[in-house]
Amino acid sequence: MELYKLTVHEVRDLIDSKAISSSDLLKSILGRINEVENKLNSFITIDTDSALDQAKKLDETRPQGKQGLDLVGIPYGVKDNISTKDMPTSCASKMLRNYRTNYDATVVKKLRDKGAILVGKLNLDSFAIGSSGETSYFTNTKNPWRLNKVPGGSSGGSAAAVAADLIMFSLGTDTGGSIRQPAAFCGIVGMKPTYGLVSRYGLFPLASSLDQIGPLTKDVRDCAIVLNAITGHDQKDSSSIDKYSYPDYRSFLFKDIKGLRIGIPQELLKDASLDVKNHIKKAAKHYVELGAKVEETSFKLSKYSVPVYFLISSAEAASNLARFYDINYKSEDHSPLSFDEIYIKSRTEGFASSVKRRIMIGNLALEANNYEDYYLQATKIRAMIRKELEKLLKDFDLLLSPTTPSVAFNFSSMEKDLLNTYKWDASTVPANLAGLPAISIPCGFSNDGLPIGMQLMGRPYGEGTLLMAAHAFEQSTDYHKKRLHALEV
Amino acid sequence: MEFKKAIGLEVHIELSTSRKLFCNCNTRFGARPNSQSCNICLGRPGAMPILSRKAVDYAILAGLALNLHISDYMSFDRKAYYYPDLPKAYQITQYYQPIGVDGYIDIETNKGPKRVRIKRLHLEEDAGKLIHQPEKQITKVDYNRAGIPLIEVVTEPDLNTAEECQTFLEQLRLIALYLGISDCKMEEGSLRCDVNISLNSKDSKLHGTRVEIKNLNSFKAIQKAIEYEFERQREILVKGSTIVAETRRWNDKLKKTESMKKRDRGDDYRYMPDPELPTIRIGDKRIKHISLKMPELPATIYKRFRQNYCLSEKDARLLLSIPDLARLFEACLLEYNKPQVLCNWLTGDLLRLIKESNTDIKSIKLSPMMIKDLLIMIDNGLISTTIARKVFIDMFYSGHKPQLIVERKKLAQVTDQKTLEAVTDLVLKQNKSSVSDYKAGKKKVLSYLMGQAMEKTEGKANPVILKEILTSRLDQSKS
Ligand SMILES: [Zn+2]
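Protein sequences, first through last, are from chains W and L. Mapping of the first sequence onto this note's numbering: position 24 corresponds to residue 29, and the numbering continues sequentially without gaps. Mapping of the second sequence onto this note's numbering: position 305 corresponds to residue 318, and the numbering continues sequentially without gaps.
Chain L with its partners taken away, still in its complex shape (with noise of 0.2 Å):
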C-alpha cells in the first residue's frame, strides 16, 4: 500500500515587544536568570494580569499578513497544567475566542503554487525555562522567560512532505520578519514548531491517526522527525495495526521520536475562561488602523527582485533573507541602477563583512549615496574593482566616503602612459627569461608579468592602458 503524508503545523512565534504580555517585564534574550520577573509573571497571588496592548497589535498585523478573519472578540482562557516552569499552573491562552481563524499563505512548491489553510492564530504567554544539572541531581527554573507574548500560528493538514513544511516556515518566519513583531530565531527559541502528522493511503481508502511531534528545535530536526515518523507508522500500518493517537517527542541525540510520558501529555487542559481578563472588543477602527501599518510582504518583494531586477531566485531569496538587507539593497538602487552589481556587492563583500565584524545591517556606517560612489568611480576607471575592495572595507569600518579614502591613501588608478611605460620597462628588465618564453610563445607568462607590474603600482595601475603597453612592448620586442 501506498501512502500519503498529511502534516499540519503549529508554530510559536514569540513577538518582539520590549515588555511581557501581562507585565512590564523585559523581555530581552541572555539576561541573568531571574532577573526579569515580577509578581505577575511569577503568578504571585494578588498580582493581575494586565494586557499589553502592543502585543495584541502585533498579533492582529500578523493575522492580516496571514489573510485570517479577525475576530470581533477575543478573551483570554486558562489552560492547566502542573509543571515547574509555569509558575500559576496554568498558561493563558486563547482556547475560546482567538484573534483570528481561517486564513491562508501561498507557498511555491516543486509542483507549483500551493495554498496551505490557516485554521487559527491566538496570543498566549510562554513558560519558563528549566535548567536541569543532572550531575548535582537538580533542576533550576528561570523565569525570565515566562509571560513573554508568543503567537501561535496553526494549519490544516494540507502540507504533505517535510520540504514544503520548511518552505512553509520559512515563508512563515519571513512575514513575521517583514512586519517586524519577532526576530525569528530558532536558536533562541524564538521561533518553535510542533508537527501534527497522519498518513493517508494514495487510493484515501485509509485514513490515519493524527500524531503529535514535538520538541523539535530546528529545520533540520522537522524534517527527519517527519520522514522518521512517516516510516514508523507505514510499517504498523502494512502490518495491519492501529496507530495510537499521542503526542510524541523528537530525541534528537537518538533521532527518532518518543512516546511521551503520560503527566507531559497532560490528558484534560481543563480550559476556563480567564476570569481576571474581560473580553475585548476589536473594532474595526483599530484593526483599519493596524492594516495602514501594514508594509510590503516578502511574497510581493520577491516578485519584483525577480521581474523587475532580473534576479536569480538564489539572488532574491538571499536579499530577501534579511529584511534590512533587501531594504539596503532597494535604496541603494536609487541611487545606482544597476540591479545584480549592488546585489553582487552587497551579498557577497557587505554581509561578509557584517559577519566578520558581528553587526547588524542597521548599524552599520555606510549609506547607499557611499556605495553609489563608490560603484561610479569604478565605473569610470578611477580605481580597479581589487582597489574598490579595499575602500569599501575602509568605508565599512570608518564611514568615510569612498573619495576621500582614495584620495588620502592615493588610491587612484595610475593612467598616465608615461608613468605605466616605466613600469613596464622595469619589469621586462628584471623578468628577462619570462620575456624570452613569451617569445618562444608561451602567452601565458603576460598574466604574471602584467602581475608583477600591477604589484610595483601597489594595484593602482589601469589595467586596460597597462596591458596595452605591455603586449605592445612584447611585441616590439620580438621583432
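Excised from the complex, chain W in its bound form (with noise of 0.2 Å):
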C-alpha cells in the first residue's frame, strides 16, 4: 500500500489498530521525498535521521489506540520561517541562509509534545514576500499539477509538499493569502485562523498584525485535526487569545448546515476568469442542495482593500526586517568595515529585489510627512473595512468567494505585470486585515485541469462554522480526492 497518499486520519486508524508502525509511514513518505523531491523543491531543509530515530521511539513506547493523540507518529513539515531547534531557519532567504534558532517555535513545540515527526523545513518566497515561491534564494518549489506552473506563495512549499504527498501536512503563514493561495493553486485545503487563536512566538514576523500560523492538509477533516493540536493561548505572545475555550474542531465536521446562510459577495467575483466563476456558482448551487441559503452581497470597501493591506503589510515589514544586518546575523566576516559600511552591504546583498521594494515603500509610508496621508490613512480605513466585514458576517454566517480570480500561473510572469498581481489578493486580504477566519478548499479543475479553491470567510471564532460548511460540500464531492500529476508521468 502506498501509505503516503493517505490523509492524517485514515493512517491514524492502521497506526491505531498496529497495521502499520509509523516507521512503515515514515518510510514511505521519505521513499517518496527520494522519488519526486528533486522534482519539486519543495524543500529547503531535511533531516532524515532524526525523523527515523523519533519514529523508532514511538514505537518502541506509544501506546497503543489511546484518544487525544491524533498526530503521533504523523510525519510534517513546517514553512521555513518558523523557528524549529533542531533546524535551521532561512526565510528563504541569502541573508539568513545559515541561520539558526536556539528554540522551537510554539506551534512546533505544541506538535513535538503530541508526537508528530518534524520531518523538514519547507520552501517559501523570501522572507514570505510574494505569491508565486519564485523570490526564494533557494530553487523555485513547483506545482505538482503542471511543473512549469507556481505553486503560489509564499507558502509554496508547504502547499506542494502535501499536495504531492511528500507530507502529511505542513504548517504556513499567512499574511495577505499565504496559505490559502497556494493551497488553492496545489488543489488542497488551507486555512488562516481567526489572529489571536494560533501562536505566532517563533514565527519570524512579516506583518505582526496581519501574520498567522495555519494548517495546510489534504482534506477538511485533517484541517480540524491539525488546528487543535496548534490552537491555544500562549504567555509568549500578546496577542494570543485568552480566557476562551477552544473546541474540539473535529466535533463540526458533521453537523447539519441546513439553513446555514451564506453570502457571496459580488466584488470578488468580477476579476475571476470564466472558469473560476462558473465553479463558484456551481459551488454555490450545491451548497443550495446542501440546504443553506445563499445569496449574493456586496462587499462595499472591497477595492481598498489591496491597497490598505499593501501599505500596512509594507509598514510592518519595513519595521520588521530592520533587525537583519550582519553583526547579529552573521553570515560573513565583514570585520574591517564601518557599522554603516556593514550595514549597507550586508542588507544589499543579503535581501531580494521583492523584499527591498517592500522595505523601501514601507519606509516610505512610514516618514513622518508620509504618516498621516499613508499609513494612518490605511489604518482608518482597515477599520471601516473590518466593520463592514462584520456587519455582513451578521446577515450571513460565511461568505463564499474564489480563492483567487485564477488558476496557478506560468513561472516569471508575476514580475512582468507587478501592478496587476495585487488583484489576485482581493479575496485574500480582507481575511488578515479584519482578523478573521477563513479556509480555502478544491472545487473543481480549470479546462486545462488545474485546481481551482474557493474560500470561505467566517466571524471571529467561527472556524468551527468554517470547518462544518468545507467538510459539507468535500464530501458530497470529489475534487478534493483528485490526484494529479505531472509527477505520475
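Just so you know, the hints here were simulated from the structure itself, not pulled from any lab data. The beta-carbon is built from N, C-alpha and C at its ideal position, and this holds for glycine as well. It cannot be assumed that every hint is accurate.
Said to hold, decoys possible - Derived contacts from chain L toward chain W, CB cut-off under 8 Å, selection only:
hint	residue
1	Met14
2	Phe16
3	Ala19
4	Asn52
5	Leu64
6	Pro97
7	Asp281
8	Glu289
9	Ile295
10	Gly296
If you follow the hints, you should be able to join the two separate chains into one complex; please do so.
Laid out in C-alpha cells, this is it:
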C-alpha cells in the first residue's frame, strides 16, 4: 500500500490498529520524497535521521489506540520562517541562509509534544514576501500539477509538499493569503485561523498585525485535527487569545448545514476568470442543494482592501526586517568595515529585490511627512473594512468567494505585471485585515485541468462553522480526491 | 541686547524593576557583558515582547507623583534608527499615547517657589551599551542594558538657569528615590538628562531657536553645558546670525558642545504603533490601587523636618537625601524626642561608618531602640559623649546593645569621689611644673591636667566631677 497517499485520519486508524507502525509510514514518506522532491524543490532542509529516530522511539514506547493522540507518529513539515531549534530557519533568504535559532516556535513545540514527527523545513518566497514562490533564495518550488506552473506563495513549499504527498500535513503562514492561495493553486485545504487563535511565537514576523500560522492539509478533517493541535493560549504572544475555551474542532465536521446563510460578495467575483466564476456558481448551487441559503451580497470597501493591505504590510515589514544585518546574523566576516558599511553591504546583498521593494515602500509610508496620508489613512480604512465585514457577517454565517481569480500561472509571469498582480489578493487580504478566519478548499478544475480553490470566510472564532461547511461540501464532492499530476507521468 | 534662557529637560530614569520591560532578563548593574540578555531583548526574530506589569505600575506611580493626568489608554510605538546598540533597529517607546501628560512639580528657587510644568511621561526600553576599544580598532556591544525599562520625563521650557535645572533634577531624583522606582545613580547611567535650550531677548521681542544637548553625565556637565551653550548662542544672536535648530553633544574633555553627525541625529524616526503590543486600558481601579501605595513625598517630609523638628535647611536636606536615613531618623524620633541630637548622630557618626564599611542603611545592625538607649546613657551621665562614640562604633559593627558593650568593656563613667580624688592627686604629683604654672596664673593648663586625668581613667571619668575636684585641689594648694 502506498501509505504516503493517505490522509492523517486514515493512517491514524492503521497505526492505532497496529496494522502499520510509525516507522512504516515515515519510510513510505521518505521514499516518496526521494522519488519526487528533486522535481519539486518543496523543502529547504530535510532531516531524515532524526525523523527515523523519533519514529522508532514512538513505535517502542507509544501506548496503542489512545484517544487524543491524533498526531502521534505523523510526519509533517513547517514553512522555513517558523523557528525550529533542531533545523536552520532561513526564510528562504540569503541573509539568513545559515541562521539557526535556539528555540522551537510554540506551534512546533505543541506538535512535538503531541508526537508529530518533523521531517523538514519547507520552501517559501524570501521572507514570505511574494505569491509565487519564485523569490526564494533557493531553487523555486514547482506546482505538482504542472511543473511549469508556480505553486503559489508565499507558503509554496508547504502547499506543494502536501499536494504531492511528500508530507502528511504542513504549517504555513498567511499575511495576505499566503496559505490559502498556494492551497488553491495546489488543490489542497489551507486555513488561516482567527488572529490570535494560534500563537505566533517563533514565526519570523512579516507584518505582525496580519500574520497568522495555519495548517495545509489533504482534506478538511485533517485540517480540524491539526487545528486542534496548534491552537491555544500562549503567554509568549501578547496577541494570543486568552479566556476562550478552545473547542474540539472535529466536533463540527458532521453537523448539518441546513439553514446556513452564505453570502457571495459580487466584488470578489468580478475579476475572476470564466472557469473560476462558473465553479463558484456551481459551488453555490451545491450549497443550496445541501440546504444552505445562498445569496449575492456586496462588500463595498473591497476595492480598498488590497491597497490598504499593501501599505500596512509594507510598513510593518520594513520595521520587522530592519533588524537584519550582519552583526547579529553573521553570515560573512565584514570586520574591516564600519557599521554603516556593514549595514548597507549586508542588506544590499542579503535581501531579494522583492523584499527591498517592500522595505522601501514601507519606510516611505512611515516617514513623518507621509505618515498621516498613508499609514494612518490605511489604518483608518482598515477599521472601516473590519466594520463592514462584521456587519456582513451578521447577515451571513459565511462569505463565499474564489480564493484566487484564476488558477496557477506560469513562472516569471508575475514580475512582468507587478501592478495587476495585486488583484490576485482581493479575496484573501480582507480576512487578514479584519483578523477573520478563512479556509480555501478545492472546488473543481479549470479547462486545462488545474485545481480551483474556493474560500469561505467566517466570524472571529468561526473556525467550527468554516470546517462544518467545508466538510459538507468536500464530502459531497470528490475534487479533493483527485490526485494529479505531473509527477505520475 | 540682554537674553533670557528658556530651558526644558528630558530626563531618563531607569526603573529598578528586577526584570526588563519586555522579557524576564535580570537588570542587575555591572554583570558580565551579555550575560543578561535573551531572544526578546536581543530582538531575535520570532521572539515577542511581553509587557512587564510592574514597570507600568512604577511609571503610573511616577506619573501620579508628578501630578500628571494618567491616560485612559496607552500604547507602544517603534522609533526607528540604526545603531549597533539597538538590536531590533527600533526602540519600543510611547510616542502617540504616553502614560501621562500635563503635570508639574514645584521647586524652591532663590526667587521663591516655582512651578515647572511637565509635558509628558512615557515608558520605553533602554538600548545596549557600546564599548569602544580604539587601540584594537574595534567596538564591542553589551546588551545587558537593552530592554531595561526607562521613564522619560519631558518638561516645558520653564527653567531659566542652570541652578534651577539642578534643583529640579535633584527634586525629581528624590521623588523617584522615595517612590522606590529607581536608584537614580547618574554615574551608573540610571539617571540621564538631555537639555533643550533657547535664548529669548529679555524684552521678549526675539525668540530663539531650540537646541538639544545630549551626553550629559553629571550635574556639573549639565551646568557647564548650559553656560557654554548660552554664550555660544548669545554670540551668534548678537552678531545678527541665526541659530540652527539641531542636536549637539557635550564634549566633557573639551568642555564644549559639538554639532552631532547627521546619522546620530536620526532625522526621521518613522514612528509607528508596535503591532506586537496591544493597546492597554488603564482603568480607574488600577490607578486607585497604585495611588494607595503612594508614599509620602520628599517635599512634605522636608517641610516637617524644618517646621516640626526645627532642623536647619542643610540638615534637613542631608537627612532627606537618603530615604532610608530619613526613615531611620523618624523611627528614632519615636523613641527619643531630641531631633537635633539624633540628626547629629545620624548625619555624622552613622554616615561616616556607612561610608567606611561600604554598606547601606537598610542592612545595618542598629535599631532605633539601641540608638535611644545609647543617647539616654549620655543624658544620664552614665557615659561621656567620647565614650558613646566608641560604643556607637561597637554597636554598628557587632549589633550588640549599648548596655552590654558598656558593661563588658567597663566603660561606665567613674563618678566615685574617692577614686577620682586619687587620680587627681597622682596627676598633680606628676605634673608639678604645670601646677606651678597654674599658680602663676596660667589657667590654660587646667585643660591639660584634665586631659591627663582622663587618660588615667581611659576616658571614663565623669568630666564634671573630675573638674570640680581638680579645681578645688589646685585652689587649695594655692592658698
Ligand atoms: Zn531579555
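Hints, one by one, checked against the model:
{"no.": "1", "hint": "Met14", "verdict": "violated (34 Å)"}
{"no.": "2", "hint": "Phe16", "verdict": "violated (31 Å)"}
{"no.": "3", "hint": "Ala19", "verdict": "violated (25 Å)"}
{"no.": "4", "hint": "Asn52", "verdict": "holds (7 Å)"}
{"no.": "5", "hint": "Leu64", "verdict": "holds (7 Å)"}
{"no.": "6", "hint": "Pro97", "verdict": "holds (5 Å)"}
{"no.": "7", "hint": "Asp281", "verdict": "holds (5 Å)"}
{"no.": "8", "hint": "Glu289", "verdict": "holds (5 Å)"}
{"no.": "9", "hint": "Ile295", "verdict": "violated (16 Å)"}
{"no.": "10", "hint": "Gly296", "verdict": "violated (17 Å)"}
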